[in-house]
Amino acid sequence: MFGAGGGTVSYEEIEEVDVILLWGSNAREAHPIFFHHLMTGLDNGATMFAVDPRRSSSSKFADVWLGLNLGSDVAMSNTVAREIINQGLTNREFIAHSTTGFEAYAKSVEPFTLEVGEQITGVPASAIAEMARAYATADKAQILWTLGITEHHNGVDNVLALCNLSLLTGHIGRWGSGLVPLRGQNNVQGGGDMGALPNKFPGFQDITDPEAHAKFSELYGVDLPDKNGLHLTLMFEAMERGEITSAYIIGENPADSEADIEFARATLRGLDTLVVQDIFMTRTAELADVVLPASVGWAESDGTVTSSERRVQRVRAAVTPPGEAWHDQDIIGELARRMGYDWGKPTSEELWDELRSLSPLHIGMSYERLEDGGLQWPCPDLDHPGTPFLHGWLWEDDLGGHPLAPFSVVEAAGPKEELSAEFPIRLTTGRALDSYNTGVQSGGFDSPIRYGDALDVNPADADRLGIADGELVKVSSPRGSVEMAIRIQPEIPVGLTFTTFHFPELVDINVLTSDAWDKKSGTAEFKAAAIRIDKISANAGEGESNG
Amino acid sequence: MSEQSTATISTVTVSINGSSVTVPEGASLKDACGVAGVEIPTLCWAANLTPANACRLCVVEVENSRTLVPSCSRQVEEGMVVQTDSERVHHSRRMVLEFLGSSVDLSQADDLARWSKAYGADPDRYGNSPARIEEEIKIQDNLYIRDYDKCVLCFKCVDACGDDAQHTFAIAVSGRGFGARISTEFDVSLPDSACVYCGNCVAVCPTNALQFKSEFDLREAAAWKPEEQTVTRTVCSYCGVGCNLEMHVQDNTIVKVTSPNDHSVTNGHLCIKGRFGWQYVQPVATE
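Chains as they are written, first to last, in this note's numbering: chain W, 1 to 547; chain Z, 548 to 834.
Same shape as in the complex, but just chain W (with noise of 0.2 Å):
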């Protein structure tokens, strides 16, 4: 956003903000203690608007919930848009002073009239028009997203139509108000910070600029590539055209996880050499030609991760790993020993403090500083206190040397799997509170209150349907077919069906899940599939129900 990959604001903010729109995110259940944040801010008289099309338990916290119809994220946005802009309730002198492209932009969103609004998103205009009010003329408020925003096929547009509202209103780059992507995996801010991405080097620095280029090549004495590579997505394609023929994955189970699995999976089978690291035999290690064992991160192994409010925090080795599992940076540096470049061992700390040398970002923080509590990026010399929110220089009467923030015309484009008389019926999916992913690690321990992949129906589907609340049913979308178990919940709208992915052992989910995907982001539409549930005999599901 703006220039930085992170969320700009601390979770402590929330505490004290006055309105929040909670939009594509079941926070209570996929990131409970930022959620305990996030009730201190409700309890000191916050209000809420949920943005979901699920009545998810984060969603009955809220004070409305706005159900609106999958993938109508953008048509949302527009209409608060049009709606802050026509009541006048803009923050023209922030629109002024900070921005470029307002006309442009509210042109675009003129077509979005409450009533058009209503119509597209099925959020009646009335709850439309408090939101929208209430975002405006707050003193600070917040946008707070997951993966209900970004698993679109046109996820990054939906993230920048959130960001023009934050520019409409200047709800950004002040303590109290900002923007808040929260992050899904402890590390997956610091993988990014550390240029795990295509286009990056550490410390959000491209690959193509050529000042970057050079430091990064002479401290590495290697001429590097000066071309973006590719992200996972471009990758699976480029390895399903015979282009890339071998891989190296680590930590990451992609014949799990991806969408559209059986895709994932006879592209890696195809592979001519497949290395996996990773502290399980999952199924992706399964298909691989040889197994690294690593050591568990954050338990076996000292290091830094990145959470959501770039805090960097150190992990530490509690205890000792099993066997032969080494900590990843020991079996990378002996794979790259073995290709004639001997790089030592160095410690943890002393890859660190590499990376301090290069990223602008992480200078002042030393392991000595990181020791208690850790700290915020930018942190950029030794007596520098962290940064807790972002984008301050929005309000400098210069804006601190940066461009002005651009407002983004998006387009309002529905879910790329568009339902029919075949696939009538919308699936979507996301986390339960005691689960993770694909449930290799959550898998570990007995949780009472697990339940396992089940879909959940609307009553009055499921009458429709004549399925009961247990039965198993088949589900189908154009991709395949998996048989799971009904649970027939009140809170998901008509048309819609909800379940979670922790249990492909159980329920190859993402069999079912679409393969479009967003070409700015590379992610896959997770979020939208168009399915088709049939009784798998007349009988059998009238002898198992007992409801």
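Warning: the hint list may mix true and false statements.
[As the list claims (entries may be wrong)] Some chain Z residues close to chain W (C-beta under 10 Å, calculated; not the full set):
| id | residue |
| --- | --- |
| 1 | Thr560 |
| 2 | Asn564 |
| 3 | Tyr673 |
| 4 | Ala712 |
| 5 | Val743 |
| 6 | Val782 |
| 7 | Gly789 |
| 8 | Ser811 |
| 9 | Gly821 |
What the hints contain is simulated information worked out from the structure, not anything from laboratory work.
Glycine included, each C-beta is placed from N, C-alpha and C at the ideal position.
Knowing the structure of chain W, use the given hints to seat chain Z on it.
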């Protein structure tokens, strides 16, 4: 525009056992005692909870106050003169400890045992067969157990489950007098209640009435050895919030997970994944 521009904080000066102490306005008497180097025994107080004022163990004597006052919740006022070591204070604390010790199993309440000794509490002087709840330990799953014989009704678990942290409200006090219990709604089993197994109630329990199953099993096998345990601070592996975990390790095996009260992200609280989701690190270690 930013938090850097906070106004100057006013301070208050009080006398603790004759020495003068200056603390920020709004601090508690207990905080002031801490600054003066005076330890205050507590039972129902916790750094990450609102004071419940239930146990009366932290009472101190304030000049010109008719009754003893709970130092955990009473805020400092300019010129207060406080005694923490008077006979009246000792007597009151001793009585609290004796009443609890005579009717509750305090065998795993280490802090209470220390204070009972310090204040010369003798629970046996109320007779050697006092009433006990005498309930079977509730073991419903592999995450935590409930031993009501150890419960002192301090309300910490209720507050951690409620609006001090978790906002789940799965438990409250039911019954009256000696029959009072911490209970789920209609006493249903935990999985049938609103409980989400965050374990924040277990983390704040001062007597081990609520106890992690991993600790309970080791204690049953006489293999719980806190003196041999190391505590290592790290970051949870689930989601991107960045909760700090304290890994309690015995014989290279994780036996318990807590979170530091003073961590800005967690304030000592965790969710089910952070609290219990570490088993995958040692899938066969319980054999």
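Subject >> Proposed interface contact between Z:Ser811 and chain W, which counts if any beta carbon pair is under 10 Å >> reply: holds (6 Å)
Subject >> Interface hint for Z:Gly789, Cβ within 10 Å of any Cβ on chain W >> reply: holds (3 Å)
Original post:
Would the hint on Z:Tyr673 stand, with a C-beta cut-off of 10 Å toward chain W?
Top reply: violated (39 Å)
Subject >> Residue hint Z:Asn564, partner chain W, criterion CB-CB below 10 Å >> reply: Given a least distance of 31 Å, the restraint on Z:Asn564 is violated.
Original post:
When the nearest CB of chain W is found for Z:Val743, is that gap smaller than 10 Å?
Top reply: Constraint on Z:Val743 satisfied, holds at 6 Å.
Original post:
Does Z:Val782 pass the interface hint, meaning its C-beta sits closer than 10 Å to a C-beta of chain W?
Top reply: Hint holds; Z:Val782 Cβ to chain W Cβ min 5 Å, cut 10 Å.
Original post:
Do the numbers back the hint for Z:Ala712, that is, is its least Cβ distance to chain W under 10 Å?
Top reply: holds (6 Å)
**OP:** Report holds or violated for the interface hint on Z:Thr560, using the least CB-CB distance to chain W and a cut-off of 10 Å.
**Re:** Violated - the Cβ of Z:Thr560 stays beyond 10 Å from chain W, reaching only about 29 Å at its closest.
Subject >> Hint check, Z:Gly821 versus chain W [nearest Cβ-Cβ separation less than 10 Å] >> reply: holds (7 Å)
Hints 1, 2, 3 from the list above are not met by this structure, while the remaining hints are.
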